[in-house]
Amino acid sequence: MRIFFDAGFNSHGVLNLTPSESFELCRKEAVIIDVREAYMNSFKMFNVPKVLYLPLSELKKTYSQLPHDIPLIFADAVGLKSREGVLFMTEHGYDNVANMAGGIVDWERDGLPLTTDINARLSGSCMCQLKPREGVRQRATGNRKNIK
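Read the sequence shown against the working numbering and you will find it ends at 470, with the numbers running on by one and no gaps.
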C-alpha cells in the first residue's frame, strides 16, 4: 500500500505534501502526526478524523509504537520540525511517511478544517499589536528640546 504514490514532491529525500494533498489523504487512511510541542498545539488543531499529537521531543522515545502499515503525514507550524521527524522515521525503517510543507499555517491559509480553542491562546503580545502607551509618548515628547 503506497498511498503517497504520485502525490507531493521530493526534496532532499523527503516527500513533501501540500496541506490540500494532506487533507485528501487523511480522508482516505493517512494519519497526521502533529509534532508541535503541547504549548503550540492547544490553540489551533488539525480537524481531521485521524490526528496524533506527538511532540518531536517525544517522538524519538516512542516512535517504535507507530505503525509501519499506515501512511503518516508529519506536520508542525510551518513544516520545518516535521521534516526532522520524517528524516528520523526514515532512518528508523519507516517508508510510508511524508512531510506537510507549510504546516498548520498553510493549512489555515488554504481554508482547511481547524479546531480552535480560544481559551488556550498563547499569552504575550505580538509586536504588530503593540500600541505606544500614552504616558511613555508624553514623557518622550516632554524631554525633547525645541530646536529653532
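These are calculated hints, taken from the structure and not from any lab test.
There could be a bad hint or two in this list.
To be verified - Mimicking DSSO-like on lysine-lysine, the simulated pairs with C-alpha atoms at most 30 Å apart in a straight line are:
id : residue 1 : residue 2
1  : K382      : K372
2  : K366      : K383
3  : K350      : K382
Stated by the list, open to error - Label pairs and their in silico Cβ distance ranges:
id : residue 1 : residue 2 : range
4  : R431      : K372      : 16 to 26 Å
5  : D432      : L374      : 20 to 30 Å
6  : N332      : G415      : 27 to 37 Å
7  : F331      : R431      : 12 to 22 Å
8  : N332      : D439      : 31 to 41 Å
9  : G433      : E413      : 33 to 43 Å
10 : D328      : D432      : 11 to 21 Å
Bear in mind that the values here come from a model prediction, so they are computed numbers and not experimental data.
For every residue, glycine included, the Cβ atom is placed at its ideal position computed from N, Cα and C.
Comparing the hints with the structure gives:
With a C-alpha separation of about 21 Å, the suggested pairing of K382 with K372 holds against the 30 Å cut-off. For the given pair, K366 sits about 25 Å from K383 by alpha-carbon distance, which is consistent with the 30 Å threshold. Between the alpha carbons of K350 and K382 the distance comes to roughly 27 Å, so the proposed pair stays at or under 30 Å and holds. Taking 16 to 26 Å as the suggested C-beta distance range, the pair R431 and K372 conforms, at roughly 22 Å.
Between D432 and L374 the beta carbon distance is about 21 Å. The supplied range of 20 to 30 Å therefore holds. Evaluation of the 27 to 37 Å hint for N332 and G415 yields a failure: the beta carbon distance comes to about 19 Å. One distance hint, 12 to 22 Å for the beta-carbon pair F331 and R431, holds here, with the actual separation near 18 Å. Taking 31 to 41 Å as the suggested C-beta distance range, the pair N332 and D439 conforms, at roughly 35 Å.
For G433 and E413, the hinted distance range of 33 to 43 Å is satisfied, since their beta carbons lie about 35 Å from each other. Between D328 and D432 the CB atoms are about 20 Å apart, so this pair conforms to the stated range of 11 to 21 Å.
In summary, the one numbered hint that this structure violates is 6.
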